[in-house]
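Since each chain comes alone in its own frame, lean on the hints to assemble the complex.
So the sequences go chain by chain: A and B.
Sequential numbering of the first sequence, starting at 9, is according to the working numbering.
Sequential numbering of the second sequence, starting at 148, is according to the working numbering.
Any given hint might turn out to be false.
Claimed, not checked - Only pairs whose alpha carbons sit at most 30 angstroms apart, straight line, appear in this in silico DSSO-like list of lysine-lysine:
no.: 1; chain 1: A; residue 1: LYS471; chain 2: A; residue 2: LYS385
no.: 2; chain 1: A; residue 1: LYS710; chain 2: A; residue 2: LYS600
no.: 3; chain 1: B; residue 1: LYS389; chain 2: A; residue 2: LYS715
no.: 4; chain 1: A; residue 1: LYS480; chain 2: B; residue 2: LYS214
no.: 5; chain 1: A; residue 1: LYS527; chain 2: B; residue 2: LYS214
no.: 6; chain 1: A; residue 1: LYS561; chain 2: B; residue 2: LYS394
no.: 7; chain 1: A; residue 1: LYS340; chain 2: A; residue 2: LYS615
no.: 8; chain 1: A; residue 1: LYS324; chain 2: A; residue 2: LYS453
no.: 9; chain 1: A; residue 1: LYS546; chain 2: A; residue 2: LYS710
no.: 10; chain 1: B; residue 1: LYS205; chain 2: A; residue 2: LYS527
no.: 11; chain 1: A; residue 1: LYS553; chain 2: B; residue 2: LYS394
no.: 12; chain 1: B; residue 1: LYS262; chain 2: B; residue 2: LYS214
no.: 13; chain 1: A; residue 1: LYS553; chain 2: B; residue 2: LYS348
no.: 14; chain 1: B; residue 1: LYS231; chain 2: B; residue 2: LYS262
no.: 15; chain 1: A; residue 1: LYS406; chain 2: B; residue 2: LYS223
no.: 16; chain 1: A; residue 1: LYS479; chain 2: A; residue 2: LYS549
no.: 17; chain 1: B; residue 1: LYS390; chain 2: A; residue 2: LYS479
no.: 18; chain 1: A; residue 1: LYS553; chain 2: B; residue 2: LYS287
no.: 19; chain 1: A; residue 1: LYS553; chain 2: A; residue 2: LYS615
no.: 20; chain 1: B; residue 1: LYS394; chain 2: A; residue 2: LYS546
Keep in mind the hints are simulated off the structure, nothing from the lab.
No experiment lies behind these values; they were computed from the predicted model shown.
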Amino acid sequence: MLKQTKHILTLSFCGLTASYAQVFFSNSRAFGALLMLVTFADVGVGLSGIGAVLLVQLTALLFNFNEQLIKDGAYTYNALMVGLALGGIYELNLSLALVLTSVSILTFFITLWFMNVLGAKALPYLSIPFLLGVWVILLGAGNFTALELHDKGVFSMSEWWPGLYSGTTEFIGTLPFHNAIFLYLRSLGAILFQYSDVAGIIISIGLILHSRISFVLSIFGFTIGYLFYHYMEGDFSQLIYSYIGFNFILTAIALGGFFVVPSRRSFAQLIFTIPLITLLISALHSLFSIFELPLYSLPFNIVVLLFLSAMYLRSKSSGLNLVTIQQFSPEKHHYSYTDNLERFRRDTYVHIALPIIGEWNVSQGYDGDITHRGEWKHALDFDVRDIDGSTYQMPGGKKEDFFCFDLPVIAPADGKVVKVEKGIHDNEVGNVNLEDNWGNAVVIKHGDHLYSKFSHLKKNTLKLEVGDTVKKGEVIAKCGSSGRSPEPHLHFQLQSTPYIGSKTLYHPISYFVSKKNGKNTFHAFEIPKEGETVCNMKTSKALTKAFSFIPGKKFNIESTENDKTETWEVLSSYTNETYIWCPTSGSTAWFKNNNNVFYFTAFKGNKNSSLYKFFLGAYKVPLGYYEEMALKDNMNIMSVVNPFIRFIHDFTAPFFHYIKARYSFRFTETDNEHDPYIIQFESQITESVFGLKRATSKFHIKLWDNKIALTFATKNKKHTITCVPIS
Amino acid sequence: MSDKKTYERPVIVPLNTGLMNKFGTRTEYQPVIDIDGNPVKDLLAKYGSPLFVLSERKIRENVQSAKRIFETRYPKVQFAWSYKTNYINAVCNVFHQEGAWGEVVSRFEYDKAIKNGVPADKILFNGPDKSREDLELAVKGNSPIHIDHLDELYLLTEIATEQNVKPRVAIRVNMDTGIYPMWDRFGFNYENGQAWNAINKIIATDKLNLIGLHCHIGTFMLSAEAYGVAASKLAELAISIKKHHGKSITYIDLGGGFASTNTLKGSYGIGADAIPSMSQYAESITTALLNAGFDNDDLPWLYLETGRALIDDAGFLLGTVLSNKRLSDGRRATILDFGLNLMFTSFWYDHKISPAQPFGSHTEDCVLYGPLCMNIDIVRQHITLPPLNPGDHVVAHHMGAYNITQSMQFISLRPAIVMIDMDGKPHIIRKKEMLSTLEKDEVMPEYLDTFNL
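Extracted from the complex, chain B is given alone in its bound form (with noise of 0.2 angstroms):
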C-alpha cells in the first residue's frame, strides 16, 4: 500500500432525520487485497475477471472442525460430500482426502463421482430423479440409495428380484421439525405413517437390504433444534424396527441443510450473528441421539450431508467495477462484471461485497448491478460503500456454494475458478470459458449454415 493518499470523488449524503447513531454511516468492511496472500490485482491480472476462487487451505479448515466437533460427541460420524453443492472435481477430491464419501442427486453426480475415483458403495444416491438404468448402475455398485417414493421403491424391488441382488437402501423421511416451511416433497411423510409404510413394505418383501434411515429437514437452517427433533424421530423410527423385525440399522443421514455465514435478506444483522454454530447443530443432534435409547454397542452410524456450512465462506467471486451512474431517485448505482448469471444466491442472500483496494473513511448508500441486460440482474440493492471507480477491484464472499454449480452461461461466458493451495500458490481448476466451449456440442444442420444479409 502506497503511503499516497487516494484520491476520492465528493460524495452527496442525504440528511437523514432519523435516531441518533453514534456509528454513523460507517461501514464495517475492511478493504480485501489479497486472498491467502495473492492479491486480488494479480489474480485478476493473470486469469481475468471476474474469477472464482477458492481457498483450500479454509475448506480443509472447515472439514477437519466439522469432523472434530462431531465426532468428539459422537462415535461413529462419517461426512458424505454433496456434489451439487460444489461439483468441481479438485474440491470434491478436497473433501475425499480429508475423508468424506460422495453424495449425489443425479445421474451425471453419480458419474462423476465414480469418475473421481470414490468406491460406488460409498456414494450415498438422494434425490427424486432416478430412472431404471441410474438405479441397475448404483445396484450394481452396492451404492446406498436413498429411496424417495413408493414408484422407486417398486421400481428397486422389481430389479432387486429381477437381478437376484439385495441392493442396500435407506429411505427418506419427512416430517415436521417445527419450523416452516415443513419440506414434505422430498420421502415419505413421518406422522401421517407413510414412512413406517414404506419401512415394513421394505422388510416384508425381503428384497431390499434396509440399512438407513435419511431425512433432510431444509434448507439454512436457522434453528438447530430442528436437528434434534429430526434426529429424535429417526432414531425413534430405527429402535420401532430393531424392536419389531429385530433389525439393527447401520445409519441415520440427517442431510445437509447447515446455515453457512451467508446473510439472508431480510434479516436482521449479519449472517453470522444470527446462525447457529456447528457445536450447536452437533450438540443438538448427538444428544438426541445418544439419548433415543439404542444399545451402547448398536449405536448407529450418524451421516452427514453437509455442503454448504462446509465450503460457503472458503468461496470468492472477484470482479471489477465497469460503471457508475446516478438514478433518478439520486442513489448511486455501481456496474460489476458479474451479476446473476454467476451468483444466483444472490437471490436470496445479502452477499459481503468488499472493496480490493484502501479507500478513505466516506461511504454512501448505493445499488449494485450486474452485467445483463436484464432488469432483474441485482446483485445488491443496497450497499454502503465507499465511492468506487471504474477498474476498482471487488471481491464478493461466501460464494463457495451452489454459485459455482448454478452459475449459467446467459449473456456471457462463465470465468476462470482457481483454488489456492495450502501454500498459498493459485492453481486454475477450471478454465476460463469460450465460445468454443459453448458451441462445443452445438449441430447446425447443413440448409442453416449459409445466409446472405
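Okay, chain A solo, but in the shape it has when bound (with noise of 0.2 angstroms):
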C-alpha cells in the first residue's frame, strides 16, 4: 500500500513537472519546475495549473490510462494550460473551482480524441485540446455570472515585491530596442500567461539552460515576425494586445528544432513560415474579435499542422529531415542526425557483399569509360590480374589463358533466382556476341526492388533455375566471356527491377578490403573503385568471438583506476537495440554487431565511469583481423566533448561546428593471423576545436580467450580495465 502510494506520488509529481516543460517542447523536470513557480507570481494562476493537472491525472490514474504518458505529462499540459488561462481570467474560487473540474476533464478528453486521430498519422496534437477547452468556457462564461473576472490582489508577486518588476523593467528601458525586448520577453511570458519582464527573463534563462538551440529559434523567429510587421507597417496593438507573438517563438522552436532537425535549412525555411503566422494573427483577429474570443495559439497550430502535414507528403525527404525519434532537446536531434548522417546513413543498404572469392581486380567501374554509362552506370566488372597486372598468361590468345576465366562467381547476398540465361557460348578473345548482349546471366532478388544481376558467365556453368534460394557466398556459376564480352571477365550490378537488361541502381558494397603495395584498407558502404583490387573482408573467430555481446551476456570488470570490480550486462530494449548496462555507474552503451562490424552508437551516464571508456576505446572494431589495417569515424560531440564548451558550440551548431571529434583504429599485432590467440589494436580520440587539436586520448586494447583488456593513460599513470565474460 504504501509502496504503491509512493509509486503514485512519484508519478504524479514527474507528470506535473513535466507538463510544464511541454509547453516549451521540453522533458526536463528542473525547466518544469523553474516554469511552475514562474507561474506563481499569481498564487491564483499557479494554483489553477497545478490544480487543472492533478485533476486529470486522477482521472487518467483511476481509468487506467498510460502511465508512461502520464509521467511525460503528455495528457495534462493542455489542461495545465487551461488552469492558467482561467486562473489569470477569473478569481479563484468554488465556482471557478468547479468549472475548472469540468473544463479539465473535457480538455482531457480533447486530448484523447486528437492524440488518436492526429497520431494515426504521426502529427502531434500540440495544444488544440487547450484552445478547445478555453473557447468553450470563455464563449459561455457569461451564462455563468458566480464567474469573477479577477483583479491583480493580495496574492501576486508584483502587489509584494514591485521593485523587482518595475525595477527590472525601467533596466530594460535603458537599452537600444527595447521595445523589441519588451516585446519579446512579455511574448515568452504570455506562454504561460504571464505578462511581465520578470517572468520573461526567467523563462529564458531556463529556456538557455535547457537548449541553447531552443533559445536562439525564439529569438530567431520572434525576430522575423517583428520585422516583417514593421517593414508592412502592421499594427503593432496586435501584438501587444495579449502578446500574441508569442505564436513567432513556439512556431520557430517547433519547426526549427523539435518537430524538424535543426540546420541551416530549418532556420532558413522559418524565414518563409514565420510570416504566415503573422498573415493568420491578422485575419484570425478579425474574425475572432466578432466572438471577443482571444486567439491564443491557433496560429501557431495551425502552421505546424499543416507544415508537417505537407512535409509528410513529399515523395522524397530530404533537405529539410523531420525528426524521427522525438528526444525532446534540439542539441539532440541535431547531433544525432549529423552523427547518424556520417556514421550510419549507409547502414540501411541492404547488405552486399563482394560476389567473388580472393583478390580480384575493378576493371571497370561505376561511370565507366567503357559500357557503363547512361542507365547502366552503376555497376562493376572485374577481371583477375597477375602482378604485372596482365590478365592473361602467355599466349593470350585462349579464353582459358585469362586467370578469371571459370572462376566461381559467388552469392553477394541471400536470394532468391527470379532470371536465369544459359547456354549461351563463350567468346573468343576479341569476339563480340551483339546479339545476346548480357550473355549467360542470372538476377537475383535480396528484397524489395533490389536484385543482383551477373553476365557473361560460363556457359553451362549455372546450375540455378528460376525460384532456386541461394545463401550468400554460394557459388552460382563461372565466370566466363559470353554475350558483348571481347575476353573473359564478370559483369556485376544491382538493379530495381527483375530483368536482365535492366537499368542499373547505385548500391555500395558492405565491407570489403582493398589491397595496394601489399597495404590494407578497409572500406564500409562504398564504391569500388576503378583499378582498385579488392576482396571480402575475412572475419576472425577471436574478433568475432569476444565481441559477440548477446542479450543476456554478463561481464566482470577490473579496474585499475578505481580498484573496483562491477559488472556489466549486455541488454536489449524493446525496439531491439542492444546495449551494454553498467549499474554501479547507472550508464549505458549502445552498440551494434552486424557480423562484419562492431560499433557503439550512443553513451548515456556517467563520463567517468569503466564502461564510458570502454565505449570511446572500442567505439568501432572492425571484426576481420588485417595486418596494419585502419579505420576512422566521426564521433558524437555530445558524448565526447566537456559539456560547458559544448554549451557554447550549442548556440551556433545547427550552422557550424567548430568542435570535430574523431575516432581512429588500427590493428598493431597478432600472434596468428588464422588462428589468432590473441589480437591487439590501438584506438585514439582526437578532439578539436576551429582545427586546433585540443585533447587526445589514446587507448590500447588486447583480446585473448574472448576477454578484453583496455589500457589508458590518465595523467601519466596507466590503467587498464579487464573485460572477462561470466560464464
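This is the structure in C-alpha cells:
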C-alpha cells in the first residue's frame, strides 16, 4: 500500500513538472519546476494550473490510462494551460474550481481524441485541446455569473515586491531596441499567461539552460515576425494585445528544432513560415474579435500542422529532415542527426558483399568509360590480374589463358533466383556477341526492389533455376566470356527491377578490403573504384567471439583506476537495440554488431565510468584482422566533448561545427592470423576546436580467450580495465 | 649464333619397317642456348660443369599463379613450402617472401626453417621421425605438429602434461581416394576409424589443441579428382568434430603431391599433356570444401604443402658431353658429366634434355649415361638427339624438385648452384664442393694417420 502510494506520488510529481516543460517542448523536470515557480507570480494562476493537472492525472489513473504518458505530462499539459488561462481571467473561488474540474476533464477527452486521430498520421496534437477547452468556457462564461473576473490583488508577487517588477522594466528601458526586448520577454511570459518582464527573463534563462538552439530559435522566430510587422507597417497593437507574438516563438522552436532537425535549412525555412503566422494573426484576429475570443496559440497550431502534414507528403525526404525519434531536445536532434548522417546513413543499405572469392581487380567501375554509361552506369566489371597487371598468361589468345575464366562467382547476399539465361557460347578472345548482349546471366532477388545481376557467365556453369534460393557465399556460376564480352570478365550490377538488361541502381558494397602495395584498407559501404584490387573481408574468430555481446551475457570488470570490480550486462530494448548496462555507474552504451563490424552508437551516463572508457576505446572495431588495417570514424560531439565547451558550441551548432571529435583505429598485432589467440589494436580519439587539437585520448586494447583488456593513461599513470565474460 | 653452318658427323639411321609417321624422326627439341638471358656456355665457364641453375622469376611466377588460382576459388588459403623438395636457403626465402610458411619433416629441416627466420608458429612439423627433444622444441615454439602415429600422440600428451601446455596439433589421415597405390604408411586410416579414434583421444584427454587435419594422398598425382575425395573426407571429419565436440578445426591441410610437367617413365606422350593443371587440382579441392557444409563464417583454412609443382620447372642442370661411343647393338651412347648422383629423379622420370647449341635436322636414337663408374648410372635409356660432340653442352629440364636435396657425393662432388634473379643476374647460392668440404667432419684416428706403401 505504502509502496503503491509512493509510486503514485512519484508519478504525479513527475507528470506535474513534465506538463510545464512540455509547453516549451521539453521533458526536463527541472525546467518544468522553474516554469511552475514562474506561474506562482500570481498564486491564483499557479494553483489553477496545478489543480487542472492533478485532476486530469487522477482521472487518468482511475481509468487506467497509460502511466508513461501520465509521467511524461502528455495528457496534462493542455489542461495545465487551460487552468493557467482561466486562473488569470477569473478569481479563484469555488465556482472557478467547479468549472475548472469540468473543463479539465473535457480538455483531457479532447486531448485523447486528437492524440488518437492525429497520432495515426504521426502528427502532434499540440495545444488544440487547450484552445477548444478554453474557448468553450470563454464563449459560455456569460451564462455563469458566479465566475468573477480576476483582479490583481493580494496574492500577486507584483504586490509584494513591486520594485522587482518596475526595476526590471526600467532597466530594460535603458537598453537599445527596448521595445522589441519588452515585446519578446512578455511574449515569452505570455506562453504561461505571465505578462511581466521578470517572468520573461526567468523563462528565457530556463530556456537557455534547457536548449541553446531553442533559445536562438525563439529570438530568430520572434525577430522575423517583428520585422515583418515593421516592414509591412502592420498594426503593432495586435502584437501587444495579449502578446500574441508568442506564436512566432513557439512556431520557431517547433519547426526549427523540435519536429524538424535543426540545421541551416530549418532556420532558412522559418523566414518563409513565420510570415504565415502574421497573416493568420491578422486574418483570425478580425474573425475572432466578433466573438470576443482570444486567438491564443491558434496560428501556431495551424501553421505547424499544415507544415508537418505537407512535409509528410513529399515523395523524397531530403533537405529538411523531420525528427523521427522525439528526444525533446533540439541539441540531441541535431547532433544525433549529423552523427547518423555521417556514421550510419549507409547502414540502411541491404548488405551486399563482393560476388567473388579472393582478390579481383575492378576493371571498370561506376561511370566507366567503356560500357558503364547512361542507365547502366552503376555497374562493376571484375577480372583477375597478376603482379604485372596482366589479365592472362602467355600466349593469351584463348579464353582459357585468362586468369578469371572459369573462376567461381558467388552470391553476394541471400536471395532467390528470378531470371536465368544459360547456354550462350563463350566468345573467343576479341569477339563479341551483340545479339545476346548480357550473355549467360542470372538475376537474384535480395529484397523489394533490389536485385543483383551477373553477366557474361561461362556456358553451362549456371546450375540454378528460377525459384531456387541461394545463400550468401554460395557458388552460383563460373566467370566466362559470353555475350558482349571480348575477353573473360564478370559484370555485376544491382538493379530495382527483375529483368536482364534492367537499368542499374546505385548501391554500395557493404564491407570489403582493398589491397595496394601490400597495404590493406578497410571499406564500409563504398563503391569499389576502377583499378582497385578488392576482396571480401574475412572475419577472425577471436574478434567475432570477443565482441559477441549477446543479450543476457554478463561481464566481470576489473579496473586498476579505482580498484573496483563491477558487473556489466548486455541487454536489449523493446525496439531490439542492444546495449551494455553498468548498474554501478548507471551508464548505458548502445552498440551494434552486424557480424562484420562492432560499433557503439551512443552513450548515456557517467563519463568517469569504466563503461565510458570502453565505449571510447572500442568505438568501432572491424571483426576481421588484417595486418596494420586502420579505420576512422566521426564521434557524436555530445558523447565526447566537455559539457561547458559544448554549451557554447550549441548556439551556433545548426550553422557550423567548429568542434570535431574523430576516432581512429589500427590493428597492431596478432600471434597468428589464421587462428588468432591474441589480437591487439590501438584507438585514439582526437577533439579539435577550429581545427586545433584540444585533447587526445589513446587506448590500447588486447583480446585473448574472449577477454578484453583496455589500457589507457591518465596523468602519466597507466590503467587497465579488464572485461571477462561470466559463463 | 654464327651464320656458318656447324659441322655434324654422319649418322647411321636403321631402316624401320613400322607404320608411316608423318613427323619422321624429327625431335621436338629446340636448342636451349640461354637461361633467363644467361648463355649456358658462359654459366658453365664461370661456375664449372655440371651446374644447377634456378630461375627466381619462374619460382615467383609459379607461386603467385598457384596462390591466385587457389585464392580466387577459396577465401582462406595458405601455402607452406615443403623443405624436403628444395631446402637451399635462397630458394626457401624466395617462397617465404611470397608468403609461404614452412613445412618440415625432420629436426634438421625444422632448424633450417628457424634459421631462415620463419616464425616457429608458422612451421608445420610433419613426418614420422620426431624425437622427444624435437617435439619439446616444437611445443615451445607453438608450431603445429602433425601427429603421424599413436606413439607420437602418447609422447606428445606426456610432454603436454609434464609442461602444462597445450600444444597445437593436427593429425595426419590416410585414406582411399580411389588411386593406387594407397599410401597408408603415414598417419591414421580414415576408413577403418583409426583417425576418428585418434581425434576422440585428443579431445577426450584435453591435453592437446587439435587445430588441423592433414593428409598427403600420394606423390605426382595424375588425378585431380582424388584430391576432391580427400578434401571431402577431411571436411567430413572436421564437421563431425564440430558436431560431436563443438570444436571448429582451424585448417585442413591437403599436403602436396601435385604433379609437375616432368614425364613419368612409361607414360605415353610428354608430361605436360598428361598431368592435371593447377586449376584442375584447385577446382577439385575447393569445390569439395565449399560444398562440404561448413558455415560460411566458419570455413577452415586450406593449407597446401605443394613442393614439386612450384619449383620443378624452375630448376635446370647444365652439363657437358664427355664422349660418344657405339654400343654392341649399334646404338650410340653419349656420356655426360652428370648422372644419377645429381639427378636421382631420373629413376622415375624421362627428363627432357636439350642441347645447348644450335644443331641440324638429323637426329639419332641414343642412350645417355652419367659419369659414374656404376652400371645403373643411366640418364635416359632412349632419347632422340642430334649428334653431340665431346665438349658440347646440354641442359636437363625440370630439375628443381628433389634433385638438389637428394644429390650426393657418390664418386664425385656436388656442383655449384646458381640462382638467376629477377633482373637476369646470376647469384651463386651454394658453392661447388671441394675435397675439404667433404672431409671437414672426418676424423682420422691417430694410429691410422700414416702408412708406408
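Hint by hint, here is what the structure shows:
A hinted pair counts as satisfied when its Cα atoms are at most 30 angstroms apart, and LYS471 of chain A with LYS385 of chain A qualifies at roughly 29 angstroms. For the hint linking LYS710 of chain A to LYS600 of chain A, the alpha-carbon distance of about 20 angstroms falls within 30 angstroms, and the restraint holds. For the suggested pair LYS389 of chain B and LYS715 of chain A, the alpha carbons sit about 23 angstroms apart, so the restraint of at most 30 angstroms is met. Between LYS480 of chain A and LYS214 of chain B the alpha-carbon distance is near 24 angstroms, which keeps this suggested pair within the 30 angstroms criterion.
Straight-line distance between C-alpha atoms of LYS527 of chain A and LYS214 of chain B comes to about 18 angstroms, which keeps the hinted pair within the 30 angstroms bound. For the suggested pair LYS561 of chain A and LYS394 of chain B, the alpha carbons sit about 21 angstroms apart, so the restraint of at most 30 angstroms is met. Taken as a hint, the LYS340 of chain A and LYS615 of chain A pair is honoured in the structure, with Cα atoms around 17 angstroms apart against an allowance of 30 angstroms. Of the supplied pair hints, the one linking LYS324 of chain A and LYS453 of chain A holds, its CA atoms being roughly 24 angstroms apart against a limit of 30 angstroms.
The hinted pair formed by LYS546 of chain A and LYS710 of chain A meets the criterion: a straight-line CA distance of about 20 angstroms does not exceed 30 angstroms. For the suggested pair LYS205 of chain B and LYS527 of chain A, the alpha carbons sit about 25 angstroms apart, so the restraint of at most 30 angstroms is met. Proposed proximity of LYS553 of chain A and LYS394 of chain B is supported: the alpha carbons are some 13 angstroms apart, at most 30 angstroms. Simply put, LYS262 of chain B and LYS214 of chain B have alpha-carbon atoms about 25 angstroms apart, close enough for the 30 angstroms limit, and the pair holds.
About 27 angstroms separates the Cα atoms of LYS553 of chain A and LYS348 of chain B, which keeps this hinted pair within 30 angstroms; it holds. Our distance criterion of 30 angstroms between C-alpha atoms is met by LYS231 of chain B and LYS262 of chain B, whose separation comes to about 16 angstroms. Our distance criterion of 30 angstroms between C-alpha atoms is met by LYS406 of chain A and LYS223 of chain B, whose separation comes to about 29 angstroms. For the hint linking LYS479 of chain A to LYS549 of chain A, the alpha-carbon distance of about 21 angstroms falls within 30 angstroms, and the restraint holds.
For the given pair, LYS390 of chain B sits about 21 angstroms from LYS479 of chain A by alpha-carbon distance, which is consistent with the 30 angstroms threshold. For a cut-off of 30 angstroms, the pair hint linking LYS553 of chain A to LYS287 of chain B stands: about 26 angstroms separates their Cα positions. This hinted pair checks out: LYS553 of chain A and LYS615 of chain A have alpha carbons roughly 27 angstroms apart, not beyond 30 angstroms. At most 30 angstroms may separate the alpha-carbon atoms for a hinted pair to count; LYS394 of chain B and LYS546 of chain A meet this at roughly 19 angstroms.
Violated hints for the displayed structure: none, as all numbered hints are satisfied.
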